[in-house]
Amino acid sequence: MAQMTMIEAIREAHDVAMEADERVVVFGEDVGFFGGVFRCTAGLQEKYGKSRCFDAPINESGIVGTAIGMAAFGLKPVIEIQFADYVYPAYDQIVSEAARLRHRSNGDFTCPIVIRMPTGGGIFGGQTHSQSPEAIFTHVSGLKVVIPSNPRDAKGLLLAAIEDPDPVIFLEPKRLYNGPFDGHHNKPIESWKKHPQGEVPEGKQIVPLGKAHIQKEGSDVTVLAYGTMVYVAEAAAAETGVDAEVIDLRTLMPLDLDTIVDSVKKTGRCVVVHEATRTSGFGAELMSLVQEACFYHLEAPMVRVTGWDTPYPHAQEWEYFPGPVRVGEALRKVMED
Amino acid sequence: MTEAVKPLSLNVPEPGCRPGDTPDFSDFEIPRAGAVAQPDVDVDPDDIRDLAFSIVRVLNKEGDAVGDWAGSLSVDELRAGLRHMLTLRTFDARMQNAQRQGKTSFYMQHLGEEAVSCAFARALQPGDMNFPTYRQAGLLIASEYPMLTMMNQIYSNAEDPLAGRQLPIMYSSKEHGFFSISGNLGTQFVQSVGWAMASAISGDTKIATGWIGDGSTAESDFHAAMVFASTYKAPVVLNIVNNQWAISTFQGIARGGVGTFAARGHGFGIASLRVDGNDYLAVHAVAKWAAKRAREGHGPTLIEHVTYRAGGHSTSDDPSAYRSKSEAAAWPLGDPIERLKQHLIKIGEWSEDRHAQAEVEILDGVISVQKEAEAIGTLAGGKAPSPRDMFEGVYETMPPHLIRQRQEAGF
Ligand SMILES: Cc1ncc(C[n+]2csc(CCOP(=O)(O)OP(=O)(O)O)c2C)c(N)n1
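As you go down the protein sequences, you meet chains A and B in turn. If you use our numbering, the first sequence corresponds to residues 1 to 337, in order. If you use our numbering, the second sequence corresponds to residues 338 to 748, in order.
Just so you know, these hints were derived from the structure itself, not from any lab. One or more hints might be untrue.
Stated by the list, open to error - List of simulated lysine-lysine pairs, BS3-like, C-alpha gap at most 25 Å: (1) A:K265 <-> A:K333; (2) A:K265 <-> A:K211; (3) B:K683 <-> A:K50; (4) B:K708 <-> B:K398; (5) A:K47 <-> A:K204; (6) B:K343 <-> A:K50.
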């Protein structure tokens with residue numbers, strides 16, 4: 001096992017997949033010679049040649065559209081959207097085309113593509129470098145949605161996504177790329193410092209899609225989180241002393257409902273945390289599912305802690321996304337009820 | 338019967354020069370200054386097809402202004418132009434440094450491209466609307482927008498007119514003809530056409546300008562803008578700033594192996610030309626021509642400004658990782674400030690001494706504004722906008738759920 005950052009782990013997943021299967025091709029804005037603005041694809045062009053790893057014109061709809069065409073031919077494109085905020089021009093290709101191809105052609109054509117994109121805030125990226133669009137994609141039938149929280153999962157889940165026969169939206173929390181990152185802030189989260197890198201198994205170690213991970217066991221309350229918020233939830237539990245069971249969902253679609261339900265039945269309480277805007281966010285789905293499955297086991301109303309329903313602000317981001325203080329308040333609230 | 342054929346292979350364009358290589362611009366055809374004639378503003382786009390493959394230039398190597406396109410500016414205006422470019426360059430250097438000191442999160446400079454926006458601004462009239470990208474702060478500087486306000490925006494302090502909501506340098510000023518910048522590339526190009534169409538629908542006299550980078554011309558919105566501009570003969574000037582690079586990606590990835598960016602206008606019947614973007618006089622003359630054309634109802638013009646991004650893409654970028662360090666120095670169209678300075682000296686209206694003195698004065702001026710801005714606050718400290726501001730202005734009237742969220746947030 002080697003110690004690596006999430007960026008290195010993602011790079012290695014590409015390498016392992018490209019080495020094993022020559023149908024895997026990688027492209028996107030700046031991903032070729034330079035290796036991507038976050039360097040997730042650095043070295044791949046040199047190793048695998050320009051026709052397997054190359055720079056794309058700045059046209060997200062074109063990037064996804066050509067990837068769909070390549071998949072129809074029999075390749076396995078892994079494409080990078082430079083920031084999740086720039087996926088919207090490709091929305092139609094993803095939603096109306098990639099997601100439905102298998103269903104509408106009755107399996108004649110399929111779309112095994114992976115659409116990677118850095119997501120989330122905390123780096124002072126302002127409105128167009130900070131958004132968390134997961135709910136937009138979980139709402140679309142035919143897509144899978146993955147979001148890792150550590151280097152080992154990033155590698156294993158990306159390998160699983162590349163092997164997957166259907167289109168996968170792979171969201172990479174950019175605040176975790178180089179280890180949990182406190183931006184330019186003077187308000188770091190203490191517990192993050194434990195995780196600048198992580199142990200990552202060598203070779204083709206797959207982390208299956210659709211399986212959550214119990215990040216921290218506990219008996220008082222279940223906290224459902226993913227991406228950066230896993231660490232925020234842990235920090236909140238540590239600071240409040242509430243014995244929370246923190247579940248890292250890892251895959252939002254398909255969702256590991258069994259792990260969630262078992263946990264909530266055990267603790268009787270549930271807090272949901274995400275940094276995306278609240279209304280119609282993925283938290284709403286989680287609360288519905290828990291309510292449907294665990295109503296009679298709940299000892300207190302569920303609480304969600306989310307970003308606000310405003311465009312992502314540049315200067316007030318620490319007030320925008322949930323931090324340990326807000327999550328801690330939610331933990332106390334469900335414990336009091 | 339199937340014929341036996343060779344296996345296919347993918348063409349991926351490559352720039353001429355990478356780190357470690359010696360830059361070579363010998364393939365880059367540069368017409369002599371003055372060589373391109375100036376057509377009438379009502380010219381049929383078909384009759385100037387060759388202008389999309391040439392380059393309008395006014396200043397020659399000796400510093401003389403030559404040809405049809407010369408003479409669009411008085412000596413005083415030229416000196417003002419030099420001052421604007423020097424101001425923008427100084428402003429950039431100070432703000433770039435402020436970012437390194439943690440006073441702001443991010444900055445994007447214009448090094449080497451100052452002539453494009455500074456000269457263009459002087460060809461427009463009050464009330465016209467620019468739809469700029471993040472690399473046209475010269476439009477503000479050259480139209481005397483308060484520098485203090487620009488810095489307040491960059492510092493996201495309590496006097497930031499955008500209340501800390503926007504990324505630094507994403508200015509917005511309706512009054513100064515500067516449409517709010519979006520970080521999403523290309524989106525504003527087509528909006529500029531819509532604004533121009535509205536002016537025509539309303540029987541107004543104002544025109545619009547759209548701005549886009551070479552890399553971003555690949556976006557679908559670029560093509561949407563051209564369709565609408567050509568169909569409705571919108572009174573718009575569509576500007577492509579070809580500074581050779583889109584982050585690490587050279588312009589050939591957006592352009593393909595043939596033609597020029599300007600030539601894309603041909604398929605749409607749009608008057609299309611290229612201009613030496615490092616020649617203040619040429620940019621001004623072409624901008625004035627295109628603006629007149631739009632204002633007189635002859636329709637859109639597509640201008641490719643041929644220039645070079647001498648600095649990094651942004652403060653997050655290190656260009657030495659993907660291009661030769663000596664490429665900027667080898668760029669054959671020179672430095673816009675140096676060229677205008679030489680011209681003014683050549684015609685006896687400027688001197689090295691006056692230039693040195695102007696540089697000192699401008700630096701002093703920028704520093705004193707910077708002190709004023711920093712006394713209010715920077716991203717690192719001082720007076721900040723209230724977090725309450727992030728809930729304001731999402732809608733005209735704050736809906737109940739946002740009021741609840743604002744209270745929940747404690748503001
Ligand atoms: C829709 C969208 N896709 C990707 C990006 C990321 N991005 C920001 S700037 C840039 C390069 C733009 O290059 P160019 O258009 O040539 O303008 P320049 O920066 O050279 O002035 C890219 C890819 C973005 N901002 N918006």
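**OP:** Quickly compare the C-alpha distance for K683 of chain B and K50 of chain A to 25 Å and report which way the hint goes.
**Re:** 49 Å, violated
**OP:** Sort out whether K398 of chain B lies within 25 Å of K708 of chain B, counting only the CA atoms.
**Re:** 40 Å, violated
Original post:
Taking only the CA atoms, is the gap from K343 of chain B to K50 of chain A under or equal to 25 Å?
Top reply: OK: K343 of chain B and K50 of chain A at ~19 Å, within 25 Å.
**OP:** For the pair supplied as a hint, K265 of chain A and K211 of chain A, confirm whether the alpha-carbon distance does not exceed 25 Å.
**Re:** 18 Å, holds
Original post:
Given the proposed pairing of K265 of chain A with K333 of chain A, does the C-alpha separation stay at or below 25 Å?
Top reply: Within the cut-off at roughly 19 Å; holds.
Subject >> Pair hint outcome, K47 of chain A versus K204 of chain A [Cα-Cα no greater than 25 Å] >> reply: 18 Å, holds
Violated hints for the displayed structure, listed by number in ascending order: 3, 4.
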